[in-house]
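Order-wise, the sequence lines are chains R, L and A.
Each residue of the first sequence is one higher than the one before, starting from 60 at the first, in this note's numbering.
Each residue of the second sequence is one higher than the one before, starting from 27 at the first, in this note's numbering.
Each residue of the third sequence is one higher than the one before, starting from 40 at the first, in this note's numbering.
No lab work stands behind these hints: they were computed from the structure.
Please note that a few of the clues may not be correct.
Said to hold, decoys possible - Using 20 Å as the maximum straight-line C-alpha spacing, the simulated EDC-like pairs for lysine to aspartate or glutamate come out as follows:
id, chain 1, residue 1, chain 2, residue 2
1, A, Lys44, L, Asp104
2, L, Lys72, L, Asp104
3, A, Lys44, L, Glu101
4, R, Lys155, L, Glu101
5, A, Lys44, L, Glu148
6, A, Lys44, L, Glu100
7, L, Lys300, L, Asp321
8, L, Lys159, L, Glu169
9, L, Lys72, L, Glu52
10, R, Lys297, A, Asp274
11, A, Lys44, R, Asp112
12, L, Lys159, L, Glu148
Claimed, not checked - Computed beta-carbon distance windows for the label pairs:
id, chain 1, residue 1, chain 2, residue 2, range
13, R, Asn296, A, Ser45, 50 to 56 Å
14, R, Arg64, L, Lys152, 56 to 62 Å
15, R, Tyr114, L, Lys152, 52 to 58 Å
16, L, Gly183, R, Gly83, 45 to 51 Å
17, R, Ala115, A, Arg171, 22 to 28 Å
18, R, Arg64, A, Ser45, 55 to 61 Å
19, L, Pro135, A, Leu217, 37 to 43 Å
20, A, Arg171, R, Arg64, 41 to 47 Å
21, R, Pro255, L, Ala74, 27 to 33 Å
22, L, Ser70, A, Leu217, 56 to 62 Å
23, L, Gly367, A, Gly51, 51 to 57 Å
24, L, Gly367, A, Arg226, 49 to 55 Å
25, A, Ile63, L, Lys152, 27 to 33 Å
26, L, Val172, A, Arg226, 52 to 58 Å
Glycine is no exception: its CB is placed at the ideal position from the N, C-alpha and C atoms.
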Amino acid sequence: MSTIRVRSPASYWLAVPAAAWMLGVVVVPIVLLVWVSFWGGRTFSTTSPLTFDNYARFFANQTYVKLAMSTVVHTATLMAVTGVLGYCIAYFLTMKVRSPIWRMALFLAFIVPFWTSTLIRAIAWIPFLGVNGVINQTLMFVGVTQSPIEAFLYSRTGITMAQVSLYTMMAAGPVVYMLNSIAPALREAAMTLKAPPLVVFWRIVFPLTLPGVVIGQVLVFLNVMSDFATVATIGGNKHALLSNLVLLFYEGSQIRAASVVAVLLMICMLIGVVAALRVVDIRRLGADR
Amino acid sequence: MDTLAQPSRVDEAVAPVLARPQLDLELRGIRKRYGDFTAVDGISLKVAKGQFVCLLGPSGCGKTTTLRCVAGLEEPDDGGVLIGGKEVTRNPPWQRDIAMMFQDFALFPHMTVAKQVAFGLEMLKKPKAEIAKRVHEVLTSFEIAVLADRKPASLSGGQRQRVALARAMITEPRILLLDEPIGALDYSLRETVMLELKLLQQRTGISFIWVTHDQNEAFSLGDLVVVMNHAHIEQQGTPEEILQRPATAFVAGFVQGNNVFRGRVVEVTAGLAKVATAAGSFLVSVGPSPPLAGDEVSFSVRAERITDIVSDRHLNVLSARCTAVEYFGSVRRHIFERADGEVLKYDQFGAHAARIAVGQRSTLGWQPEDSVLHTGRVE
Amino acid sequence: MIGWKSRLRLTGWLLGTLTVIFLIYQWLPIFTLGLLSFSGPTGGTTFPMNGTSLHWYEEVWRATVMNDFKPPLLRSTLLAAACAVTTIVLSTMAAQAMRGRFRGNGWFFYLMLLGIMAPGILVGFGFAIMMRLLGVELSWDTTTFLVQVSWTLPFGFLTMLAVFNRFDTRVEEAALTLGASRLTTFRRITLPLIVPGVIGAGLFGFSLSYDEYPRSMFTIGPDATLPLAVMAQLDRQITPEIYAIGTMTTLFSLIAVTLCTFGLWAMRRSTSLRRA
Numbered sequence: 060m061s062t063i064r065v066r067s068p069a070s071y072w073l074a075v076p077a078a079a080w081m082l083g084v085v086v087v088p089i090v091l092l093v094w095v096s097f098w099g100g101r102t103f104s105t106t107s108p109l110t111f112d113n114y115a116r117f118f119a120n121q122t123y124v125k126l127a128m129s130t131v132v133h134t135a136t137l138m139a140v141t142g143v144l145g146y147c148i149a150y151f152l153t154m155k156v157r158s159p160i161w162r163m164a165l166f167l168a169f170i171v172p173f174w175t176s177t178l179i180r181a182i183a184w185i186p187f188l189g190v191n192g193v194i195n196q197t198l199m200f201v202g203v204t205q206s207p208i209e210a211f212l213y214s215r216t217g218i219t220m221a222q223v224s225l226y227t228m229m230a231a232g233p234v235v236y237m238l239n240s241i242a243p244a245l246r247e248a249a250m251t252l253k254a255p256p257l258v259v260f261w262r263i264v265f266p267l268t269l270p271g272v273v274i275g276q277v278l279v280f281l282n283v284m285s286d287f288a289t290v291a292t293i294g295g296n297k298h299a300l301l302s303n304l305v306l307l308f309y310e311g312s313q314i315r316a317a318s319v320v321a322v323l324l325m326i327c328m329l330i331g332v333v334a335a336l337r338v339v340d341i342r343r344l345g346a347d348r
Numbered sequence: 027m028d029t030l031a032q033p034s035r036v037d038e039a040v041a042p043v044l045a046r047p048q049l050d051l052e053l054r055g056i057r058k059r060y061g062d063f064t065a066v067d068g069i070s071l072k073v074a075k076g077q078f079v080c081l082l083g084p085s086g087c088g089k090t091t092t093l094r095c096v097a098g099l100e101e102p103d104d105g106g107v108l109i110g111g112k113e114v115t116r117n118p119p120w121q122r123d124i125a126m127m128f129q130d131f132a133l134f135p136h137m138t139v140a141k142q143v144a145f146g147l148e149m150l151k152k153p154k155a156e157i158a159k160r161v162h163e164v165l166t167s168f169e170i171a172v173l174a175d176r177k178p179a180s181l182s183g184g185q186r187q188r189v190a191l192a193r194a195m196i197t198e199p200r201i202l203l204l205d206e207p208i209g210a211l212d213y214s215l216r217e218t219v220m221l222e223l224k225l226l227q228q229r230t231g232i233s234f235i236w237v238t239h240d241q242n243e244a245f246s247l248g249d250l251v252v253v254m255n256h257a258h259i260e261q262q263g264t265p266e267e268i269l270q271r272p273a274t275a276f277v278a279g280f281v282q283g284n285n286v287f288r289g290r291v292v293e294v295t296a297g298l299a300k301v302a303t304a305a306g307s308f309l310v311s312v313g314p315s316p317p318l319a320g321d322e323v324s325f326s327v328r329a330e331r332i333t334d335i336v337s338d339r340h341l342n343v344l345s346a347r348c349t350a351v352e353y354f355g356s357v358r359r360h361i362f363e364r365a366d367g368e369v370l371k372y373d374q375f376g377a378h379a380a381r382i383a384v385g386q387r388s389t390l391g392w393q394p395e396d397s398v399l400h401t402g403r404v405e
Numbered sequence: 040m041i042g043w044k045s046r047l048r049l050t051g052w053l054l055g056t057l058t059v060i061f062l063i064y065q066w067l068p069i070f071t072l073g074l075l076s077f078s079g080p081t082g083g084t085t086f087p088m089n090g091t092s093l094h095w096y097e098e099v100w101r102a103t104v105m106n107d108f109k110p111p112l113l114r115s116t117l118l119a120a121a122c123a124v125t126t127i128v129l130s131t132m133a134a135q136a137m138r139g140r141f142r143g144n145g146w147f148f149y150l151m152l153l154g155i156m157a158p159g160i161l162v163g164f165g166f167a168i169m170m171r172l173l174g175v176e177l178s179w180d181t182t183t184f185l186v187q188v189s190w191t192l193p194f195g196f197l198t199m200l201a202v203f204n205r206f207d208t209r210v211e212e213a214a215l216t217l218g219a220s221r222l223t224t225f226r227r228i229t230l231p232l233i234v235p236g237v238i239g240a241g242l243f244g245f246s247l248s249y250d251e252y253p254r255s256m257f258t259i260g261p262d263a264t265l266p267l268a269v270m271a272q273l274d275r276q277i278t279p280e281i282y283a284i285g286t287m288t289t290l291f292s293l294i295a296v297t298l299c300t301f302g303l304w305a306m307r308r309s310t311s312l313r314r315a
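Next up, chain R with everything else stripped away, as it sits in the complex:
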């Protein structure tokens, strides 16, 4: 018994506005993208014939295929780095910090930037990475190099550095949640069964946090795959990933090509998300344990 009856008409009507909004603004446009990516001809019209030509053209171009490959490699790199880093930080915050005040303070210091603009945080890396940037100034001051290294700003390294700082929190957050839900008695039980700490971690703690790891990886994966803004800010026009290609084609009014890239992006992401959903039931995460 609550303020809403189970399966009452009211419960349907209350859900309608949100459902309609999401359908109209998210689902229909994405379906539309798929449709447009098959359009033949040259005019922007719903009567265009359907063909695979757009895809054929994309895959015929070695540059684009290479770009797609390097996007995957770049994303995988970030997933690996943020995954390991995020797990270490999550483990430290939940398991090693005893004082609740310190834990809260460190945790806030960790997640607060998530609430500030990602764009501004990406821009904040510019003074660091430039030829006369902070990193080069520091390196030359310490005497590691004589002349500034140009490898940071407008480079893959620089993009990776900035994105690690942007997305590690996403990899760590779900792990923190899962770690918090492990009863201390489980680890103790394993220890009394003669498991030393590393084995306790590998056989008990890690498997139990796996859903958190997976969700974190999905979040990083989705965000890095589609983060054209950071790439554009730090990579300038020298570097592009698949998502930048969408923008490039769109600005060049090549709607069909842009749709093809968008659909390919979407397929990559779908594969990732479906794979992840097979491992964990996201709906259980919000509920009380």
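Here the structure of chain R is known, so what remains is to put chains L and A in place on it, guided by the hints.
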């Protein structure tokens, strides 16, 4: 199994202990503090081979902390823990010859029952075939073979308890530690499980250290009952000793069915002490080391040693009003209001008709030898 | 040999050092951005600062050299406020609907989740195409608003779901047995109890909309929001003026976070009463 306990420098120092290997566990004045709070204050205990020991006490008395010190989950600040005559005070849990059953069983949620039970043997690096064989044997003997492929979430309370027990017992430890092991079970299950555990303990000869706040568990299971309060041991002994001869006012009060009196010794004559209390003066038998006149003492009288058929022979009499009558099976318990405001419990056995009605005033009596003078420390 | 406890402590120190290094790594650029925004009139986009001044903040205000950031700021704020209000209303309704466990609520949940999972670039691009097909003019207060709510709504929805998960329905049952109607009970009992969560959902909506970039980019029309104006400026020339704007927005977000933390704290307090 003993190869697990690492040889350490301390071995020479404890060589005399090895001369009496019949002790499964020895605690030597262990002490544990958390900030300002003393959880365990100098506990010493000796557990002979194959004993069933119950640590009994109210919550917060330090019984669980003591158990965790034995397991190695807590490191005592002071004192020593010896398992099977070997000093293990600083050894981690995985280098001790123990197993433990946790209050909520602490089953691994991601492992099937079979995996769960195999875990301990895998940690001992036993060959795969042997593990499979042993797991099958143990699951069968605990009657949970049909559950082998289930995960803990789908098990009932009683099934979980069996799995937890099987998981702990399969490594054949020297000592099994049990932290309120049946507290999470339905009341109706508890008696059966208690009996099974007692039989298991007797069959295997493994020492059980059982922590509980329930005196029924402690008295029906324990060969040795250790009553704890405020981080120290109040009394240890067989259930009979603790029931019949409580050493302190706390033990007497904690154990059901005792009437506790506190007062001052007026005089001591010929094996009897006269104690003046707020409820009157009473004669109490004293042992070989009697108290001196003027000592603050406490004594107790068991509820079933009191009678309401008082004659001139009774050296202790007391008049009081009955405020309630409770029934426990064949026992009828009368609650009286004492002159000092405490309650006096008087148990009547048998099915004969009630002689005392609620509200009625009666005279009750008992003999000095029915009461026990507490020899332990007075608080 | 070191004891096992000290070995565990060593792991703790290693992980702790890593965490602190990462925190510095994460915060240093933000602080540097703030510091450089106060550099002198001749200062550039990196050190040395050539003195300290409020020069770049004045520049932002006067907007003589650069684009004027004031109108985009106003637009962003209005848009964020509208998104916050819409998010509050729709997400509370949707979460209440989920409590009714209507048929298809599983699909509904995944539909909402899709709003978080679907990348902004796809949603924005697709929606722009749809508008073009429908012949709708793009504008910050119509198309951008529609798209941004699809981004903020799921977050508000998840927040409200979490709130209702912790909610003790017995207080509602108590009111209902006292003769209150469902609507009255919701208004008089449920709503006051979930207010901190509602505020949280609203702040979520505001802050996400305020910083939103990819969806807005495709759907904006002629008048830009603040992130778009910043990005446009970045394309032309980087000056400490951008740092000044960045510092201001970051401070603004931090204030919002503080309010939100406070709201959550208040919610903990109000829900902890039920355990007493």
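Against the structure, the hints:
1. Among the hinted pairs, Lys44/A with Asp104/L is consistent with the structure: their alpha-carbon atoms are about 16 Å apart, no more than 20 Å.
2. As the CA atoms of Lys72/L and Asp104/L are separated by approximately 17 Å, the hinted pair is consistent with the 20 Å bound.
3. The suggested pairing of Lys44/A with Glu101/L holds, with an alpha-carbon distance near 9 Å, which does not exceed 20 Å.
4. Proposed proximity of Lys155/R and Glu101/L is supported: the alpha carbons are some 18 Å apart, at most 20 Å.
5. A hinted pair counts as satisfied when its Cα atoms are at most 20 Å apart, and Lys44/A with Glu148/L does not qualify at roughly 24 Å.
6. Of the pairs offered as hints, the one joining Lys44/A and Glu100/L holds, with about 10 Å between alpha carbons and a cut-off of 20 Å not exceeded.
7. Distance restraint check for Lys300/L and Asp321/L: the Cα-Cα separation of roughly 11 Å lies within the 20 Å cut-off, and the hinted pair is therefore satisfied.
8. Distance hint between Lys159/L and Glu169/L is fulfilled; the C-alpha atoms sit about 15 Å from each other, no more than 20 Å.
9. For the given pair, Lys72/L sits about 5 Å from Glu52/L by alpha-carbon distance, which is consistent with the 20 Å threshold.
10. Under the criterion of a C-alpha separation no larger than 20 Å, the hint pairing Lys297/R with Asp274/A is consistent with the structure, at around 13 Å.
11. For a cut-off of 20 Å, the pair hint linking Lys44/A to Asp112/R is broken: about 65 Å separates their Cα positions.
12. Proximity of Lys159/L to Glu148/L is assessed by CA-CA distance (about 13 Å); at most 20 Å being required, the pair is judged to hold.
13. The beta-carbon spacing between Asn296/R and Ser45/A, approximately 53 Å, falls within the hinted interval of 50 to 56 Å.
14. At roughly 58 Å, the beta-carbon separation of Arg64/R and Lys152/L lies within the given 56 to 62 Å, and the hint holds.
15. The supplied range of 52 to 58 Å is met by Tyr114/R and Lys152/L, whose beta-carbon atoms lie about 57 Å from each other.
16. Under the hint 45 to 51 Å, the C-beta atoms of Gly183/L and Gly83/R, about 50 Å apart, fit the expected range.
17. A hinted range of 22 to 28 Å holds for the C-beta pair Ala115/R and Arg171/A, which are about 25 Å apart.
18. A hinted range of 55 to 61 Å holds for the C-beta pair Arg64/R and Ser45/A, which are about 60 Å apart.
19. Taking the beta carbon of each, Pro135/L and Leu217/A are about 41 Å apart, inside 37 to 43 Å as hinted.
20. A beta carbon spacing of about 43 Å between Arg171/A and Arg64/R agrees with the range 41 to 47 Å that was offered as a hint.
21. Between Pro255/R and Ala74/L, the C-beta spacing of about 31 Å keeps the proposed range 27 to 33 Å intact.
22. Take Ser70/L and Leu217/A: their Cβ atoms lie about 60 Å apart, and the range 56 to 62 Å holds.
23. At about 55 Å, the beta-carbon gap between Gly367/L and Gly51/A stays in the expected band of 51 to 57 Å.
24. A beta carbon spacing of about 53 Å between Gly367/L and Arg226/A agrees with the range 49 to 55 Å that was offered as a hint.
25. Remark: the range hint 27 to 33 Å for Ile63/A to Lys152/L is contradicted by a beta-carbon distance near 48 Å.
26. As the Cβ distance of Val172/L to Arg226/A is approximately 53 Å, the hint placing it in 52 to 58 Å holds.
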